[in-house]
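Use these hints to put chains U and R onto chain S, whose structure you have.
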Amino acid sequence: MQTRLFAAPSPHIHGGERTRQIMGDVVLALVPALLVSTYVLGWRVLMLTAVSVVSCLVFEYLIQRFLLKGRTTIGDLSAVVTGVLLAFNLPVGIPWWIVVIGALVAIGIGKMTFGGLGCNPFNPALTGRIFLLIAYPVQMTDWTTNTPDALSGSTLLANVKAGAMPLSDIDFMSMFGGHMNGSMGEIGALALILGGLYLLWRKVITWHIPVAVLGTMALFGLCVAISDGGAAMWQTPLFHILAGGALLGAIFMATDYSTSPMTHKGMLIYGVGIGAITMIIRLWGAYPEGMSFAIFIMNAATPLINKYCRPKRFGTKR
Amino acid sequence: MNQLLLTVLTLSVLGAVLAVVLYFVAQKFKVYEDPRIDDVEKMLPGANCGGCGFAGCRAMSEALVKRDNIASLYCPVAGGDAMKSIADFLGKTAPEKAPQVATMRCGGTCQKRPKVNHYDGALSCAVVNTFYVGESGCAFGCIGYGDCVAACKFDALKLNPETGLVEVDADKCTACGACVKACPKGLFELRKKWPKNRAIYVACRSKNKGAVVSKVCKAGCIGCGKCAKVCPFGAITVENFLAYIDPEKCKLCRKCVNECPTGAIHIENMERLPKEPKAPAAKAVESEKRIEPAKNE
Amino acid sequence: MRTFPIGGIHPHDNKEWSKDKEIEILELPDEAKIPMIQHIGAPSNPVVKKGDKVLAGQLIGQSTGFVSANIHASISGTVTAVDAYPNGQGQRRLMVVIKREGDEWMPEIDRTPDHKRECTLAPQEIIAKVREAGIVGLGGAQFPTHVKLSVPDGQKAEVVIINGVECEPYLTSDYRNMIERAEMILTGTEIVMRAVGVSRAVIGVENNKPDAIAHLREIIARDGYSGIEVMPLKMRYPQGGEKQLIAAVTGRQVPPPPALPISVGAVVCNVSTAIAIYEAVQKNKPLIERVVTVTGKELKSTHNYLARFGTSASRFFELAGLPEGDVKLLNGGPMMGRAVVDITAPLIKGCSGLTVLSGKEAARGEELSCIKCAKCVSACPMGLEPYLLSKLAKLQKWDMAEEHNVVECIECGCCSYTCPSYLPLLDYIRIGKQTVMSNIRARAAASNKK
Numbered sequence: 001m002q003t004r005l006f007a008a009p010s011p012h013i014h015g016g017e018r019t020r021q022i023m024g025d026v027v028l029a030l031v032p033a034l035l036v037s038t039y040v041l042g043w044r045v046l047m048l049t050a051v052s053v054v055s056c057l058v059f060e061y062l063i064q065r066f067l068l069k070g071r072t073t074i075g076d077l078s079a080v081v082t083g084v085l086l087a088f089n090l091p092v093g094i095p096w097w098i099v100v101i102g103a104l105v106a107i108g109i110g111k112m113t114f115g116g117l118g119c120n121p122f123n124p125a126l127t128g129r130i131f132l133l134i135a136y137p138v139q140m141t142d143w144t145t146n147t148p149d150a151l152s153g154s155t156l157l158a159n160v161k162a163g164a165m166p167l168s169d170i171d172f173m174s175m176f177g178g179h180m181n182g183s184m185g186e187i188g189a190l191a192l193i194l195g196g197l198y199l200l201w202r203k204v205i206t207w208h209i210p211v212a213v214l215g216t217m218a219l220f221g222l223c224v225a226i227s228d229g230g231a232a233m234w235q236t237p238l239f240h241i242l243a244g245g246a247l248l249g250a251i252f253m254a255t256d257y258s259t260s261p262m263t264h265k266g267m268l269i270y271g272v273g274i275g276a277i278t279m280i281i282r283l284w285g286a287y288p289e290g291m292s293f294a295i296f297i298m299n300a301a302t303p304l305i306n307k308y309c310r311p312k313r314f315g316t317k318r
Numbered sequence: 001m002n003q004l005l006l007t008v009l010t011l012s013v014l015g016a017v018l019a020v021v022l023y024f025v026a027q028k029f030k031v032y033e034d035p036r037i038d039d040v041e042k043m044l045p046g047a048n049c050g051g052c053g054f055a056g057c058r059a060m061s062e063a064l065v066k067r068d069n070i071a072s073l074y075c076p077v078a079g080g081d082a083m084k085s086i087a088d089f090l091g092k093t094a095p096e097k098a099p100q101v102a103t104m105r106c107g108g109t110c111q112k113r114p115k116v117n118h119y120d121g122a123l124s125c126a127v128v129n130t131f132y133v134g135e136s137g138c139a140f141g142c143i144g145y146g147d148c149v150a151a152c153k154f155d156a157l158k159l160n161p162e163t164g165l166v167e168v169d170a171d172k173c174t175a176c177g178a179c180v181k182a183c184p185k186g187l188f189e190l191r192k193k194w195p196k197n198r199a200i201y202v203a204c205r206s207k208n209k210g211a212v213v214s215k216v217c218k219a220g221c222i223g224c225g226k227c228a229k230v231c232p233f234g235a236i237t238v239e240n241f242l243a244y245i246d247p248e249k250c251k252l253c254r255k256c257v258n259e260c261p262t263g264a265i266h267i268e269n270m271e272r273l274p275k276e277p278k279a280p281a282a283k284a285v286e287s288e289k290r291i292e293p294a295k296n297e
Numbered sequence: 001m002r003t004f005p006i007g008g009i010h011p012h013d014n015k016e017w018s019k020d021k022e023i024e025i026l027e028l029p030d031e032a033k034i035p036m037i038q039h040i041g042a043p044s045n046p047v048v049k050k051g052d053k054v055l056a057g058q059l060i061g062q063s064t065g066f067v068s069a070n071i072h073a074s075i076s077g078t079v080t081a082v083d084a085y086p087n088g089q090g091q092r093r094l095m096v097v098i099k100r101e102g103d104e105w106m107p108e109i110d111r112t113p114d115h116k117r118e119c120t121l122a123p124q125e126i127i128a129k130v131r132e133a134g135i136v137g138l139g140g141a142q143f144p145t146h147v148k149l150s151v152p153d154g155q156k157a158e159v160v161i162i163n164g165v166e167c168e169p170y171l172t173s174d175y176r177n178m179i180e181r182a183e184m185i186l187t188g189t190e191i192v193m194r195a196v197g198v199s200r201a202v203i204g205v206e207n208n209k210p211d212a213i214a215h216l217r218e219i220i221a222r223d224g225y226s227g228i229e230v231m232p233l234k235m236r237y238p239q240g241g242e243k244q245l246i247a248a249v250t251g252r253q254v255p256p257p258p259a260l261p262i263s264v265g266a267v268v269c270n271v272s273t274a275i276a277i278y279e280a281v282q283k284n285k286p287l288i289e290r291v292v293t294v295t296g297k298e299l300k301s302t303h304n305y306l307a308r309f310g311t312s313a314s315r316f317f318e319l320a321g322l323p324e325g326d327v328k329l330l331n332g333g334p335m336m337g338r339a340v341v342d343i344t345a346p347l348i349k350g351c352s353g354l355t356v357l358s359g360k361e362a363a364r365g366e367e368l369s370c371i372k373c374a375k376c377v378s379a380c381p382m383g384l385e386p387y388l389l390s391k392l393a394k395l396q397k398w399d400m401a402e403e404h405n406v407v408e409c410i411e412c413g414c415c416s417y418t419c420p421s422y423l424p425l426l427d428y429i430r431i432g433k434q435t436v437m438s439n440i441r442a443r444a445a446a447s448n449k450k
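Note that the protein sequences, when read in sequence, are chains S, U and R. With my numbering, the residue at position 184 of the first sequence is 184, and numbering never jumps. With my numbering, the residue at position 166 of the second sequence is 166, and numbering never jumps. With my numbering, the residue at position 301 of the third sequence is 301, and numbering never jumps.
This is chain S alone, in the form it adopts within the complex:
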């Protein structure tokens, strides 16, 4: 064997962490929620998630291979994450072909038009979900497959907002462990929190965004409860954190690297923004849930936050 002398600028070693590994960790962190969801809602959850993941991968491959004629990067697993998150944002009764359309929008428009991984200004899964919400409002808000019994056809958030269900009737334990009313991925709070802890432990995410989002929502809820005359003092904040896509959004969607700020300070501002906008939409907006819109809006603000929230330079006061 001929000896070659290698040369490159320093550093000569690498920490070994790869993009694929990070994406794999995110997928792994989503597994508990998927299991809970499958247990509560049935096998259809797995089927739809598989459809979503496969179509995301296929669309990414096709676009990179034949439209952009470049290197294909489906090996980095980012399309898998998008696929799982997209499925998690859909009701279990949705027809499978709508999922495929959502995947096309998520990957095709949300991601590849901007240049692929890392260049997209908006979270691709959310792009797909919001498109579906506008294009197929009936199917996207049809929760009858979830639970055929009373108060069916509505999520908890919608019921509370419409005044159909007082907060004191809410079964917080089931919200924590796994309930029936919601999108596929948002119904098992404990599983989502477990996933979040795993991501924190693996240092894939930092605490800043989830805590800022959820903390703002809780504080907002508390203020609303106080202004309501002190009724449901603890129920309001807890309900808003556990209900709807709050945990899924705060832990998995808002923390998406390319669409969230780079510095810790920026992350806090971004998280507070998401929390506040979500609560405003939930309490006074037309939709019962505002998480996806809130993240979308703050995604748009991310470049601006990055511009003004510089890291603290060594040796400077600020």
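Honestly, the hints are just simulated from the structure, not real lab data. All residues carry an ideal CB built from backbone N, CA and C; glycine is no exception. You may find that some hints are simply not true.
What the hints assert, rightly or not - Here's a subset of chain U near chain S, in silico, CB distances under 7 Å, partners left out: (1) Asn117; (2) His118; (3) Tyr119; (4) Asp120; (5) Gly121.
Chains U and R only, in chain S's frame:
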């Protein structure tokens, strides 16, 4: 009916008022710009390459219109004729400059200048240059990662994968000078452009002693000075063990080419002189005079 | 346990490969090539010519300014050439080549092994001796030590910090010095304290070297070195960076340039430099040798050598037994070391180790696109934005790179190390830094002209 009338009226009045306001605002903030700037810009190539030293063609045309003396302004891309027509248009004297072409002065192909190590960093000549000499042992030669190719806006440079060297397409080159700036080894020079893209130049920049050069590269200039001795026009100087052919003095007689022991003097689009036993100097000049005008068409 | 405030990484230190290898005195080379620039600043002027006889420790390169350093012959013999030869990076530098004849030293050098602790010299005399001996920072930066010890007017030193951190992975030369030559370090520290006029010194040692901490503490207690404290620091790279170490030890951050470490009252000095200072001041011995680690996973054997400057790098690799196949040779450790492409290059003052990586260890991963994970931002110990600086340098936006403080980069490599997309961030930042620095110099020169 009444309501409709009111609406129409309100909007009309509002429109009229705003129109008046807009008119005055436009008057107040009007910036006079010489219309000739637009005309001159149209006469420039519009490549925004920066070869003139300005940020773009617009900045150049502003300078051309505003300055009284435009002798120092020259667009190498447009060339002498275009500059003359611009000057005529503006009623000024045109800057005169002979056409030039970028020349890459390294002849160390992969075969003649073997690689002695394997570079594994970011693929950019500038990065290589930040910390070591490059994959061959020569500290002056082409690194071959194509920073100049990326800098060229006219697609005139190409990296030849066989030789590992960058080649200039003289027809496409506009002598904008971007490559001169981009090359960290300073290998490019803007030289006089001869008809039919003929050229003679020393394809080496190594200021090392001959023995050091020949150790790492078989095609380098060893500074022997034979070319300088044979040149009838005094166009060749040898400094720091490196020969340089002054493009203004060189008459393309090609005597030096046969003298060079390493083939470091490159000729382009010309035949070498037939090898002949050394002729007396006077005769050489004479024969040169005969060849020079006859050589063209 | 203390450490520096922002950024940093935790690479595998792999010091176990060579940490238990005692310092061996390397046999003298038959020929030494001694570069006339082994320091930051102006190159030295050779004061010998071909054919001259020199003794070990004799001045052969005269420093040419304040920020410059003397160069001494490392072996005795005849000067056979004063000419340009390639350094490790293949760049030709002026070197003095000495062919060895015996091992004769300059007569004034005290070569007895006894430890000489007492020093009654005035600060100015100490600094003069350090300057005479050509001492530079031996941690790798090669900054002339006498410049550091000369506290500028209006500034006051408060504490001497001795850098025993050795945060660079793989290297163990400082560690061996702390274990085997602790007395010299401590006396050297006392001399530095005397030179800058302070009564307190802190030796910062990372907690992955508990025996060095214990040993130094034991000697301090046994021999009564008052005012010297050993401070264990939490292991984190790049703690050995001057600004990082000051922040870790004192909690004070050196403001951005042009402020110097002295602006927060700190004078920092490497443990190996402290030994060199001891030898120069107490034994009249100029800087002609140092401890070098030769390490690598696939080497046949690893070593810590006490070697004379000018010894060919190939000698070390021969003794250690290079592995078969592709290799990457480094002058320094794997984070900040420079790749060596010419193994005839000589050992120089700043070389604390020679590291050998196999082709597999050294090969870089495939570059992917930036996912804006901000890991580089949180790893940067200077609080910069590596992803941005790298991009600006790639796009040649020098003005913007300057606005974002590219010149403050210490080239520690944490950004490239953490990047999950394997982007060569530092490669480009370095171009940006060099270009912006030369732009700044050009501007300064232009304004001076006016």
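Here is how each hint holds up against the structure:
Checking Asn117 (chain U) against chain S: minimum C-beta separation of about 4 Å stays under 7 Å; hint holds. Because the smallest distance between the Cβ of His118 (chain U) and any Cβ of chain S comes to about 4 Å, under 7 Å, the interface hint for this residue holds. Interface hint at Tyr119 (chain U): satisfied, since its Cβ lies 5 Å from the closest Cβ of chain S, which is below the 7 Å cut-off. This hint holds: Asp120 (chain U) has a C-beta 4 Å from the nearest C-beta of chain S, less than the 7 Å allowed.
Of the supplied interface hints, the one on Gly121 (chain U) holds, with its beta-carbon coming within about 4 Å of a beta-carbon of chain S, less than 7 Å.
In summary, the structure agrees with every hint in the numbered list given earlier.
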